[in-house]
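Letter by letter, the chains look like this.
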Amino acid sequence: MPREPTFKNKPGAVILDIKVQVREAPGDCYIVDLSGEIDVYTSPKVKDAVGELIDRGVYHLVINLEKVRYIDSTGLGVLIGGLKRVREHGGSVNLVCTNPQIKKIFDITGLVKIFGIFDNEDAAMKALA
Amino acid sequence: MNPAIEPTTSNLVELRIPCRAEWVALARLAAAAVANRLKFSIEEIEDVKLAVAEACTAVIQHENHGEFIELTCETLPAALRIRVHDAGRHLPSSQDGASLGFDEARVAGLGVFLIRTLMDEVGYEVDPELGTDLRMVKRLAGNPG
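Quick mapping for you: the protein sequence lines, in order, are chains A and B. In this text, residue positions in the first sequence follow the numbering used here: the first is 2, and each later residue adds one. In this text, residue positions in the second sequence follow the numbering used here: the first is 6, and each later residue adds one.
Hints are not guaranteed to be accurate.
[Claimed, not checked] Below, simulated DSS-like cross-link-like pairs (lysine-lysine); rule was C-alpha separation at most 30 Å, straight line:
#1 A:Lys46 x B:Lys44
#2 B:Lys44 x A:Lys85
#3 A:Lys46 x A:Lys114
#4 A:Lys68 x A:Lys127
#5 B:Lys44 x A:Lys105
#6 A:Lys105 x A:Lys48
Since the hints were derived computationally from the structure, they do not count as laboratory data.
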């Protein structure tokens, strides 16, 4: 088993990981809280969490990126994949994001046009309806 | 304190990582650390970080990649020059994604699109003997090159 680099819990270390938490919200909606960095190494964890919800028949999602410090194209790919799947069932994915660098990535890739991007969770939830 | 490097000198920083996903974070942080020594803004440093990560990710996601990725960052008086090299022979996804479905091709091409958007100069070179080079340059604001 190859040993993976561990950065966690070391003094001065940068945590290079993603934390995924799923919460149920009113109205057949779930909130996915992401925290950390979404890249080629961590995005499968996000993909699994979102995929598991969709497999269970959850088609209205709010993905909260407030605590995400970094996202790359693999992370965007996971979000696009999730959106594509829920739309097949008449669902939607709204994002919560205020980080200017992350918003910039959605902006330059044109993904602002396909995702609802909101400054807070309440607004993202209301817009799902 | 993180003093800026002497602007008139050239400095070369090299990093060699295994061609695996868990090491991409190290490459992007190293590139960001070098960019931080020039007078780039935080936003520009983030651009460099993302471009390097996308370059490494493109290598890893390609079937025909080498065993290692070599990252070279060269600080110039008014720019940062970056080379991402591996021994494999491949083109970026946007150029070889014709066989993919529309959505998949678009997602696969996002990384290359981001690199081209965020950096001032981008070029690929595939050598049948030596492998693939992605070269990119980020210039300091006010230095159109």
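Do the hints match the structure? See the list:
no., hint, verdict
1, A:Lys46 x B:Lys44, "36 Å, violated"
2, B:Lys44 x A:Lys85, "41 Å, violated"
3, A:Lys46 x A:Lys114, "25 Å, holds"
4, A:Lys68 x A:Lys127, "21 Å, holds"
5, B:Lys44 x A:Lys105, "21 Å, holds"
6, A:Lys105 x A:Lys48, "22 Å, holds"
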